[in-house]
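K.L.:
Spelled out from the first residue to the last, the chains are:
Protein chains: 4
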Amino acid sequence: MRDKNTAALTPPMGFNTWDCYGAGVNEAQLLANAAYMRDRLKDYGWQYVVCDIQWYEPTAVNTAYHYFADLCMDEFSRLVPAPNRFPSAAGGRGFGPIAEQIHAMGLKFGIHILRGIPRQAVHRNTPTVTPGVTARMIAQGYSVCPWNPDMYGVNPDAPGAQAYYDSLFRLYADWGVDFVKVDDIANTEFLPHNPYSAKREIEMIHTAIDRCGRNMVLSLSPGPAPLEQAFHLKTHANMWRMSGDFWDRSEALDKMFALCEKWYTHVSPGCWPDCDMLPLGVLQLTETDPRWRARKTRFTENEQKTVMNLWCMFRSPLMFGGELTMNDDFTLSLITNRALLEIDQHSSDNRPVVSAPEKAVWTCRDKDGNDVYAFFNLKHEAQTLSFCFSDGDALYDLWSKETTALPDGALTLELGPRESRVFRILHKENKA
Amino acid sequence: MRDKNTAALTPPMGFNTWDCYGAGVNEAQLLANAAYMRDRLKDYGWQYVVCDIQWYEPTAVNTAYHYFADLCMDEFSRLVPAPNRFPSAAGGRGFGPIAEQIHAMGLKFGIHILRGIPRQAVHRNTPTVTPGVTARMIAQGYSVCPWNPDMYGVNPDAPGAQAYYDSLFRLYADWGVDFVKVDDIANTEFLPHNPYSAKREIEMIHTAIDRCGRNMVLSLSPGPAPLEQAFHLKTHANMWRMSGDFWDRSEALDKMFALCEKWYTHVSPGCWPDCDMLPLGVLQLTETDPRWRARKTRFTENEQKTVMNLWCMFRSPLMFGGELTMNDDFTLSLITNRALLEIDQHSSDNRPVVSAPEKAVWTCRDKDGNDVYAFFNLKHEAQTLSFCFSDGDALYDLWSKETTALPDGALTLELGPRESRVFRILHKENKA
Amino acid sequence: MRDKNTAALTPPMGFNTWDCYGAGVNEAQLLANAAYMRDRLKDYGWQYVVCDIQWYEPTAVNTAYHYFADLCMDEFSRLVPAPNRFPSAAGGRGFGPIAEQIHAMGLKFGIHILRGIPRQAVHRNTPTVTPGVTARMIAQGYSVCPWNPDMYGVNPDAPGAQAYYDSLFRLYADWGVDFVKVDDIANTEFLPHNPYSAKREIEMIHTAIDRCGRNMVLSLSPGPAPLEQAFHLKTHANMWRMSGDFWDRSEALDKMFALCEKWYTHVSPGCWPDCDMLPLGVLQLTETDPRWRARKTRFTENEQKTVMNLWCMFRSPLMFGGELTMNDDFTLSLITNRALLEIDQHSSDNRPVVSAPEKAVWTCRDKDGNDVYAFFNLKHEAQTLSFCFSDGDALYDLWSKETTALPDGALTLELGPRESRVFRILHKENKA
Amino acid sequence: MRDKNTAALTPPMGFNTWDCYGAGVNEAQLLANAAYMRDRLKDYGWQYVVCDIQWYEPTAVNTAYHYFADLCMDEFSRLVPAPNRFPSAAGGRGFGPIAEQIHAMGLKFGIHILRGIPRQAVHRNTPTVTPGVTARMIAQGYSVCPWNPDMYGVNPDAPGAQAYYDSLFRLYADWGVDFVKVDDIANTEFLPHNPYSAKREIEMIHTAIDRCGRNMVLSLSPGPAPLEQAFHLKTHANMWRMSGDFWDRSEALDKMFALCEKWYTHVSPGCWPDCDMLPLGVLQLTETDPRWRARKTRFTENEQKTVMNLWCMFRSPLMFGGELTMNDDFTLSLITNRALLEIDQHSSDNRPVVSAPEKAVWTCRDKDGNDVYAFFNLKHEAQTLSFCFSDGDALYDLWSKETTALPDGALTLELGPRESRVFRILHKENKA
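Chains as they are written, first to last, in this note's numbering: chain W, 1 to 432; chain V, 1 to 432; chain D, 1 to 432; chain X, 1 to 432.
Check the hints yourself; a few may be wrong.
Identical chains share a label here; the pair holds if one copy fits it or two copies do between them.
To be verified - Keeping only pairs whose Cα atoms sit at most 27 Å apart, straight-line, the calculated BS3-like set for lysine-lysine is:
no.	residue 1	residue 2
1	379	234
2	199	42
3	255	42
4	367	428
5	359	199
6	234	359
7	379	428
8	379	199
9	255	234
10	367	42
11	234	428
12	379	42
13	255	379
14	234	296
15	359	379
16	255	401
17	296	42
18	42	262
19	234	262
20	234	367
Because the hints were derived from the structure by calculation, they are not lab data. This structure is a prediction, so every number in the text was calculated from the model and none was measured.
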């Protein structure tokens, strides 16, 4: 009986290029963010630097996909980084040199891929690693991504299919990849009437990682992953998206509370339902894209803290989406609250206690055995929340670092619009 | 305001190669069936000889699609007949010589196409008829057929898209094509959450036919076409499938009664909801295909007549699916009942009168103004049906050609398992 | 084979009390509207005066239903008019005296009922017309209306069920009822997973009308009636609602165009898909109801004409919903356009020709064989519509009564926001 | 912040009358089963004796509901036991005397109710416990059970609604009730388009139990409870049904594996997703019911063990459905396997490990910290299952009580049709 790897015993923390650079990131940008992480964040547990979609597409500059563009591909139908965007990849070295630099910073390196085999390989009918098996022979011709033109699904019943995935992950292992975000794969109910290959491709990828000789986090996108498939997802992946792409919109944040409530029982070591990237700081820097315009997050400061509080109380992976080097002090403070990050990394029994219209309360036990409570006002106006603790309890605020005694155990919180608070509970007996 | 063509003022009658030859028909088979039609059927109104799917695929031999096979294509990304299967197409003459021969028999010629542009054209990025517009520029990369790998949908918003369809139908007009069955297009609700281009491709094809300089029947497949889209279908096509593929199964026949009941109000000159091919006679001759095995229709003789009776009372197109040259006398008699075929071609006010579990009654007015009634026993055992006509009416049976008087107007019919009967009503006053 | 009655060979035209009085109308109000109809509208074809819901509920005063109120009921579990609201009903005379007065005006009388048997009869277990069969024995205990508390559905399999419906319609025939609007019955897909009795109750009611000895229009509510059930509805009813309640909102009017496009093939003598009441003039007079407030229709004058134009081009029943006696001149002019009303009553081949976003064109043939075209601008701003007629055609405007010649057949119409125009086409040859 | 009671810290174990007596159980039958439990089962942890539906209906004799029968009701519109069936209830003593006898046996007593207020109370408009509030004023007239005619839902917004539920549970507390199975309430998505009151009635019932002064288990029926509502169910109830009624059919058992896989993360103290009654032994004794016929369970012996193994590995409540006094030795042995019952009551980390077509493996940790594995062959023929343990592990079979050593850790199990096995794992280090 095969077990999953040990790559994600705690929720992965890192940076991902999508929210700031879309499909057009380059080597310099990637390394600049890595350097920032080494200097300012590593000490807090942040470690993954993840290069998102289409690093194999030479002409990608923003979020637009160039349908049927010529992609950089090796002799076994495997996509490789475009050297004009990632100069160190020249000479067939792939992401090896970049991974090496990032490892030298004490960090880990991740990449994004789309499930499947390049359509260009299939139509050129190029070889795969298996002698006699060409790309055409393992492609599932009707299994395509509804929003990106690069790949066909892989037919799990075709001889050579598993070997192709094995060859991909051996290549990534050679490069030194530590984290793979696989896309067009988590929403396995997307095309219910279609013979969609995604579910079995998850299984092939799990197998390929087990065989590749390197510990790698497997992250699945996009959501919504179907709750009914929780056991399958837990069996085969380290993290998976509960929602479609999360951006800095109040309604999306409200919806995330409902999703966390549905999925929280599936949070466990190695298995992390994923709230998606943190759209904080400076976003969407791809100036040539008419749909994107560089800007600060649209969330208010209260909402930014609420994002961090919910992600951590739920134990979501934390993947920062903004351009790190442009962080202001407030943004940096959000992701360097050591007490809060410890909740994300090491708490247990995390669960909602109250789920009412426009308010929520979550609780967990921190690594020292203390109860922790988070109170959320989801209204766009002020609201008073009450809660009963025990006589003599005291509350330590994880943001203000102030302690408040509750002689009679009764808490009455005046919360501003969209404000939230997280407290460690100091029980009388513990304090004695 | 543009009207549709006059190509199908009555329901088209003909022969189609799919039910007997799948994707593998060749020139000799096609012409042998045409010759039979000329000799035995033309006099009854049968006229279309239609070559079904994948005539451009050199290696097709049965119903199997060879995923990503090399297709025969001209310099403007248009598919052309494979000369190894259609020798007269050699030298770039396409279907011209075959159409010419069929026209010389006094018949008409039809072909099958899939909506869209060949994927091979897109990935090779070959030219289209519009200077500067390549295949890649007009393809819809996410719009693919769920059961066949040949095409991408055409993006209706791309410059050059309409011109591409125009170039296709001008080519077909040059060849002398009279009938085009377009596939992967009628079930426009197939992928409801997907940006599927089929609906607007129907409109582009309608426009291309109007511009091509030749009268052509436009037939859409496969069904189920959505009832809610009836007005759109009537506006743009001559016939469209109400169901998925119809084969010789009792349950499918039962279901067709329900479909006819839903669609009958949309039957009108130029607009023919389609019950699909007649799976009669000898079927599935593609011996190399493990899924097919040459055989006679599975329908009983009663059911075979019921098929003909329903198709004609509803005024469906009549497309024979068996290998014509292998017809026995009974099969030939089914499709040469002149009185019944006249109902199909020239009756009016066709409608269900009774729709009850396991029985049905349909009526219409024939071209001479007589009432016609058809009685269907859908049980697999005998059943008695009763009906009230007027005193002194008489019934002329369209199959037995016998007349029965009804002195008191009361009809009591003993029908065998799955049997049906069609009567012309002779009213007393008319007989005087 | 039983045919439906001849009560609605043309679309019924009349007045209904719901839009102005909700559930609280009284005898004086009903008769005042009848008198207005006699004096001002009868000459144009208006004839039905219909008393809507809950005339058997003594305390009803507006649109509110008093859950479980005591209802007026006779000895056979049949509801009868509340004498405090309809004084002439005292002494067990029911609606007889009112019907008599309305008939004396040369008009016809209609009532509203809910399918089923009163819950109060079931729980009191009162007798029905069948000896030995009590209300309890024919009720379907789980078949209830989702918005009104008065009735249980009738179990079609219970002995005495049909007899109960027969007894209802014999009573209505005795009263002199000409039109019955049956509610909670047309949307037969409302509770798909429930053993809902509505479909078979339609059949029982059809039978009861056939047996009652009086010609009565059967009108079914509320919609949306399912398009898939068109044949069943046509077999058993004279009119049925295509939509939920129609009120004076632009979006509802836009939606009605789509519904007419779906249903138009089912319009035929005796069978009238129903666009619902005309919410014109003065509406919602029930002052004690906090949700209603007496007011003029919210439709602009253009929209009011558009409502009349669409209803008539489609051949919908016309049931005026406003308080007739409060009509101003404009409102009266809307419903006394004789040429337009003749389209509603006597045209043929009515159908959409153009269905595009924010515009529509409908056509039909009037009773003299002239083509009629209606052009609709559905935008909330001005729009130009073009259309090609034949050289030398002329257009007669049914509202302005002006004629415009089209020397070259080309029509260019400047239409204001939400404006529509209806023209009779005068062909050159006809004019000669 | 209110917490749930402590009534079900382990999964409730008991007997329920439905599977053997339907709606017609009587006092003697109930007490005979209680006596059996005291004598043969109590020592193994079985304790609840639950009287299922319609104890308030004097004429109930089997599974048929007599629509609108006269029910026994007290002066505050509360249903009480029918004295002809439960003689000790005479004189207004309700279930008090029975509860007292059962308590005297060292057991606990439970009853079944339907959410809502009797329809007979509503139509008679009888008082409730709140002065001035009658039954009619708190009923939700459109909220009815789709399969039983007794009740209306309670309108949660009506003054007096909570007080009515409070009065019910105070009465049950007075009687000495320890367990309440509330029906027509768990499948809160049953009527999605309907203003169904069930969800908020769950909340009212939770509140009423908190206020009633007695610890009571709250069990919700029928399923399928919606997985999306897991948090709501856990907040308000002790157990809830994952499925519709479970009977002794192989397909239903197969389906239960899938349900357990979906729900297992929600199993926790006080919160028990419920596999439903155990249809074992002798069932359906209601001889007057044509649909039921006294019989032994249809499950094979292998399947009967599989039921017990799955229910216990999942930690479902265990409610025996057969007539206890007719148990044969095999049946008794099924429910007195002390080691297996301890898994049900005291294990942790229960979860599926393998979920494949026609086989399953579940694991948990027993109260002594040993790993436990259950292997299920779901095929109707023999099957070999393999699994890898550690070198030197040994397996203790919970049914045969034999121990098998696995020198190299490899287990190969030959399982008969539908057979399952449960093993406690003895790790080498533990054995030392």
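K.L.:
For each hint, tell me whether it holds in the structure or not.
P.N.:
Cross-check of the supplied hints:
1. 379 x 234: between (34 Å within a copy, 25 Å between copies)
2. 199 x 42: neither (35 Å within a copy, 47 Å between copies)
3. 255 x 42: neither (31 Å within a copy, 48 Å between copies)
4. 367 x 428: Close inside one copy (19 Å), not across copies (31 Å); limit 27 Å.
5. 359 x 199: Result: close only across copies, 19 Å inter versus 36 Å intra.
6. 234 x 359: Between copies only: 18 Å across, 29 Å inside.
7. 379 x 428: Close neither inside one copy (33 Å) nor across copies (57 Å); limit 27 Å.
8. 379 x 199: between (39 Å within a copy, 24 Å between copies)
9. 255 x 234: both (22 Å within a copy, 20 Å between copies)
10. 367 x 42: within (21 Å within a copy, 41 Å between copies)
11. 234 x 428: neither (39 Å within a copy, 29 Å between copies)
12. 379 x 42: Neither: 35 Å inside a copy, 53 Å across copies.
13. 255 x 379: Only inside one copy: residue 255 and residue 379 sit 13 Å apart there, 34 Å across copies, limit 27 Å.
14. 234 x 296: neither (35 Å within a copy, 40 Å between copies)
15. 359 x 379: within (7 Å within a copy, 41 Å between copies)
16. 255 x 401: Result: close neither inside a copy nor across copies, 29 Å intra and 51 Å inter.
17. 296 x 42: Within. Shortest intra-copy distance 23 Å satisfies the 27 Å Cα cut-off; inter-copy 67 Å does not.
18. 42 x 262: Cα proximity of residue 42 and residue 262: none, with 32 Å in one copy and 38 Å across.
19. 234 x 262: both (15 Å within a copy, 12 Å between copies)
20. 234 x 367: both (23 Å within a copy, 25 Å between copies)
Checked against the numbered hints above, the structure breaks hints 2, 3, 7, 11, 12, 14, 16 and 18 and satisfies the rest.
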